[in-house]
Amino acid sequence: MALHLFNTLTRQLDLFDPADPERVGVYACGPTVYGHAHVGNFRAFVFYDLVHRYLEWKGYGVRFVMNLTDVDDKTIRAAFEQGQTLEEYTAPFAEAVLRESDALGIRRMDLYPRATAYVDRMIELVSTLLDRGLAYRTSDGSVFYDISAFPNYGCLSGKDLDQARTGERVAADEYGKDDVRDFALWKAAKPEDRAVGAVWDAPWGEGRPGWHLECSAMGLAEIGDTLDLHLGGEDLIFPHHEGEIAQSEGATGKPFARFWLHVKHLRVEGSKMSKSTGNFIRVKELLDEGFTGAAIRHQLLSVQYRSDLNFTRDGLAASARALRRLLDFDDRLRDHPVGEDVPETALPQLARRASRDFEAAMDQDLNVSGALGAVFVFLKEVNALLDRNERLRMEELDAARRVLQSIDDVLGLIETGRRESGIDEEERASIEAMVAEREAARASRDWARADEIRDDLASRGIVLEDGPEGTRWKRLAGG
RNA sequence: GGCGCCGUGGCCAAGUGGUAAGGCAGAGGACUGCAAAUCCUUUAUCCCCGGUUCGAAUCCGGGCGGCGCCUCCA
53 MALHLFNTLT RQLDLFDPAD PERVGVYACG PTVYGHAHVG NFRAFVFYDL VHRYLEWKGY
113 GVRFVMNLTD VDDKTIRAAF EQGQTLEEYT APFAEAVLRE SDALGIRRMD LYPRATAYVD
173 RMIELVSTLL DRGLAYRTSD GSVFYDISAF PNYGCLSGKD LDQARTGERV AADEYGKDDV
233 RDFALWKAAK PEDRAVGAVW DAPWGEGRPG WHLECSAMGL AEIGDTLDLH LGGEDLIFPH
293 HEGEIAQSEG ATGKPFARFW LHVKHLRVEG SKMSKSTGNF IRVKELLDEG FTGAAIRHQL
353 LSVQYRSDLN FTRDGLAASA RALRRLLDFD DRLRDHPVGE DVPETALPQL ARRASRDFEA
413 AMDQDLNVSG ALGAVFVFLK EVNALLDRNE RLRMEELDAA RRVLQSIDDV LGLIETGRRE
473 SGIDEEERAS IEAMVAEREA ARASRDWARA DEIRDDLASR GIVLEDGPEG TRWKRLAGG
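Residue numbering for the first sequence is 53 to 531, as defined by my numbering.
Since the hints were made in silico from the structure, they are not lab data.
Just so it is clear, the structure is predicted and the values come from calculations on it, not from any experiment.
Quick reminder that beta carbons are idealized off the backbone N, C-alpha and C, glycines included.
Heads up, a few of these hints could be off.
[To be verified] For each label pair, taking beta carbons as the anchor points, the in silico distance ranges come out as:
#	residue 1	residue 2	range
1	Arg480	Glu321	20 to 28 Å
2	Glu467	Arg184	44 to 52 Å
3	Thr62	Gly87	30 to 38 Å
[To be verified] Capping the alpha-carbon separation at 25 Å, the derived lysine-lysine pairs in DSS-like fashion look like this:
#	residue 1	residue 2
4	Lys306	Lys211
5	Lys324	Lys336
6	Lys432	Lys526
7	Lys336	Lys126
8	Lys306	Lys126
9	Lys242	Lys229
10	Lys336	Lys316
Using the sequences and the hints given, assemble the complete structure.
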């Protein structure tokens, strides 16, 4: 089987066939750290994580880079209003992104470059573009990309630039460019820029980089002239990625990325998420409400990345339930008794089929819904098999455990859910003492006392399960 | 106006030519001291109309409905 991905460049499913499987370079557009990231941002980040994990699962050697944009109009304006430097203002938001990423089980990427650390590279890039006649300077010391000199402009978004509506939002042209469609590579320094320390020296004058430039510079610097994969939100197709292509290819003469993948925006409780209407949710709020990072991860992951996803608290509750089942299943598989002289079962075949179906779905443009379907079929079949067999061969159980583990290496659901059910030793001892007391009460048929203890534990979020092997307890994660 | 996506059971959702995965919720049953967990059973002909085909949720045309992007929002 082979991985096929929907390439925005070709608008079809293409075979993913990197030049060097040992060194696959992936660049993902990260957040602009001018405020707290919201769940919409995290749909993108969880998607990036899925790509990251799946490529490694498929055996590729991956270098994965996600930038943090810490210099642009919004960060400068906000820092200025707060009377802080750019660095002071953006640092907390950058930290929050990583902290909340951790909570959602997003594995750390190889590098999180900050735009401000790559301004030298950006200046080099602009120089090259000026030398090549693809850019021009204006009287105030700004530099613009000359769209008309790059025939491929529009190839990613499929836009016919001649037909683009002009003049609608262009009134805010503060730098005096030749053509409204030309975009800024370099913006001449203004007082606010100086106030927050967002000013760099360039041969054509002091200023700061334009929006698209950072990604070209960091991608070229950290991965190379041609990326294997470039990821981003659907809104970035135009103009951001179009600009990146123009800048990078204009400078190197080589294709900037073989594959472009774009994740669709999510909606919240039925409507578009937008900061202007206050209709956006932060991950931190959800965690404070008692939803777990794993449940949030599940909901963001459960729908394929190019499909509509309506993020709701009801959906989150459903995700929490599904996750609970997955965790229970993992427990059960771990704890199931082993026997020496027990008959063979179909467990290994079920495991092989689950793995195969999982991979087939994921290979088809990362179809997580289909992949989860395979997981739950496996879960149901194996639960039934465990019901029928009190003891199983060690090697069969191991085969099943390996497959579940392997699948979760990609999905990261059990992994994230586990991490959140941590209980310290003191609490553990206290719980186990109460469970033992209840066992004694049950042995003497003192149901009232037994139920009292169970209710007591339930109020602490501990659920009991009486089985033939004794009583087990677990923490019921929120959600 | 330009480009594009989507419409499957109560909710979410897979399936892109051969008679509908899976999750959540609901109902009945088994198990249990009662529960919990688990298992079994149970709920759809795929927005509408027309066409292509031996056969369509799946292809084509039309209609209705929802949504996204179109200069700095992942």
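Here is what the structure says about each hint:
At about 38 Å, the beta-carbon gap between Arg480 and Glu321 misses the expected band of 20 to 28 Å. For the pair Glu467 and Arg184, the supplied restraint of 44 to 52 Å holds, since their beta-carbon distance comes to about 48 Å. Range check, Thr62 to Gly87: Cβ separation about 35 Å, and the 30 to 38 Å hint holds. For the hint linking Lys306 to Lys211, the alpha-carbon distance of about 21 Å falls within 25 Å, and the restraint holds.
A C-alpha spacing of about 20 Å is found between Lys324 and Lys336, which places the hinted pair at or below 25 Å, so the restraint holds. Between Lys432 and Lys526, the direct Cα distance comes to roughly 21 Å. Compliance with the 25 Å bound is thereby established for this hinted pair. With a C-alpha separation of about 22 Å, the suggested pairing of Lys336 with Lys126 holds against the 25 Å cut-off. Using a Cα cut-off of 25 Å, the hinted pair Lys306 and Lys126 is violated, with the two alpha carbons roughly 32 Å apart.
Restraint check for Lys242 and Lys229: the C-alpha separation of about 17 Å stays at or below 25 Å, so the hint holds. Between Lys336 and Lys316, the direct Cα distance comes to roughly 22 Å. Compliance with the 25 Å bound is thereby established for this hinted pair.
Violated hints, listed in ascending order, are 1, 8; each of the other numbered hints is respected by the structure.
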